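Participant: Order-wise, the sequence lines are chains D and R.
Throughout the first sequence, residue numbering follows our numbering, covering 335 to 449 in sequence.
Throughout the second sequence, residue numbering follows our numbering, covering 1055 to 1169 in sequence.
Bear in mind the hints are in silico, worked out from the structure with no lab data behind them.
What you are looking at is a predicted structure, and each value in this text was computed from that prediction instead of being measured.
Possibly wrong hints are sitting among the right ones.
[Stated by the list, open to error] List time: in silico DSBU-like cross-link candidates among lysine-lysine, alpha-carbon distance up to 30 Å:
1. R/1063 <-> R/1073
2. R/1076 <-> D/412
3. D/412 <-> R/1125
4. D/383 <-> R/1106
5. R/1098 <-> R/1121
6. R/1073 <-> R/1090
7. R/1106 <-> R/1090
8. R/1090 <-> D/412
9. R/1095 <-> D/403
10. R/1095 <-> R/1121
11. R/1094 <-> R/1073
12. R/1073 <-> D/383
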Amino acid sequence: AQSVTQLDSQVPVFEEAPVELRCNYSSSVSVYLFWYVQYPNQGLQLLLKYLSGSTLVESINGFEAEFNKSQTSFHLRKPSVHISDTAEYFCAVSDRVQGAQKLVFGQGTRLTINP
Amino acid sequence: DTAVSQTPKYLVTQMGNDKSIKCEQNLGHDTMYWYKQDSKKFLKIMFSYNNKELIINETVPNRFSPKSPDKAHLNLHINSLELGDSAVYFCASSHIWRGGIHGYTFGSGTRLTVV
């Protein structure tokens, strides 16, 4: 079964600073990888995903993630963060169990932006 | 229009009661899920239905019973509520394409508090 490890439970950064949220997954022949964002008291929203093709994927709000097969990583980056980026971020990997598909989530990383 | 809607958004109830949470999606997806998010924000799958058929049941106590009257609806009934059932419950839906999941769409969650 697939598993995901988010290496940092909390990441505090100053506004306009760069940030990297780390994610490692267990090795597999092929994987689909996702980043979700959860703003306070809200549901989860898809930020970006890697299915195939280019290893660098981007979101509409300036985040990007790079699929690195050799390091089994899918780290999320943003060159300059805003206060509005304060949220919980979840990395997820697709898994197939008993013929059924599901997403397995990491423990989450709380990103806090300080002015 | 809301893609995945859950009701109620908040639910406060006493131990021992029976309660239900409803979920509906209008995306035409064929698979629906229930996830539990605990106080540490960890997301764990509970159930998955594909076209009204139960395909994932992750060692959840049998006090929890999902019901899917059609592929657009997945309800969760909980009997004899316990304090440890307090959590946020998320409904999600997805479409299986070429044997894989390309992401979930989540509902906004139901915050269940058992007192």
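Participant: A separate judgement is required for each hint: does it hold in the structure or not?
Facilitator: Status of each hint after checking the structure:
1. Note on residue 1063 of chain R and residue 1073 of chain R: the hinted pairing holds, with a Cα-Cα distance of about 13 Å set against a maximum of 30 Å.
2. Restraint check for residue 1076 of chain R and residue 412 of chain D: not satisfied, since their Cα atoms lie roughly 37 Å apart, outside the 30 Å limit.
3. Restraint check for residue 412 of chain D and residue 1125 of chain R: not satisfied, since their Cα atoms lie roughly 38 Å apart, outside the 30 Å limit.
4. Proximity of residue 383 of chain D to residue 1106 of chain R is assessed by CA-CA distance (about 27 Å); at most 30 Å being required, the pair is judged to hold.
5. In summary, the hint linking residue 1098 of chain R to residue 1121 of chain R is supported, as the alpha carbons are separated by about 19 Å, within the 30 Å threshold.
6. Simply put, residue 1073 of chain R and residue 1090 of chain R have alpha-carbon atoms about 15 Å apart, close enough for the 30 Å limit, and the pair holds.
7. The straight-line distance between the Cα atoms of residue 1106 of chain R and residue 1090 of chain R is roughly 20 Å, inside the 30 Å bound, and the hint therefore holds.
8. At roughly 29 Å between alpha-carbon atoms, residue 1090 of chain R and residue 412 of chain D fall within 30 Å of each other, so this suggested pair holds.
9. A hinted pair counts as satisfied when its Cα atoms are at most 30 Å apart, and residue 1095 of chain R with residue 403 of chain D qualifies at roughly 27 Å.
10. For the suggested pair residue 1095 of chain R and residue 1121 of chain R, the alpha carbons sit about 25 Å apart, so the restraint of at most 30 Å is met.
11. Straight-line distance between C-alpha atoms of residue 1094 of chain R and residue 1073 of chain R comes to about 23 Å, which keeps the hinted pair within the 30 Å bound.
12. For the hint linking residue 1073 of chain R to residue 383 of chain D, the alpha-carbon distance of about 35 Å lies beyond 30 Å, and the restraint is violated.
Consistency with the previously given hints fails for numbers 2, 3, 12, ordered from lowest to highest.
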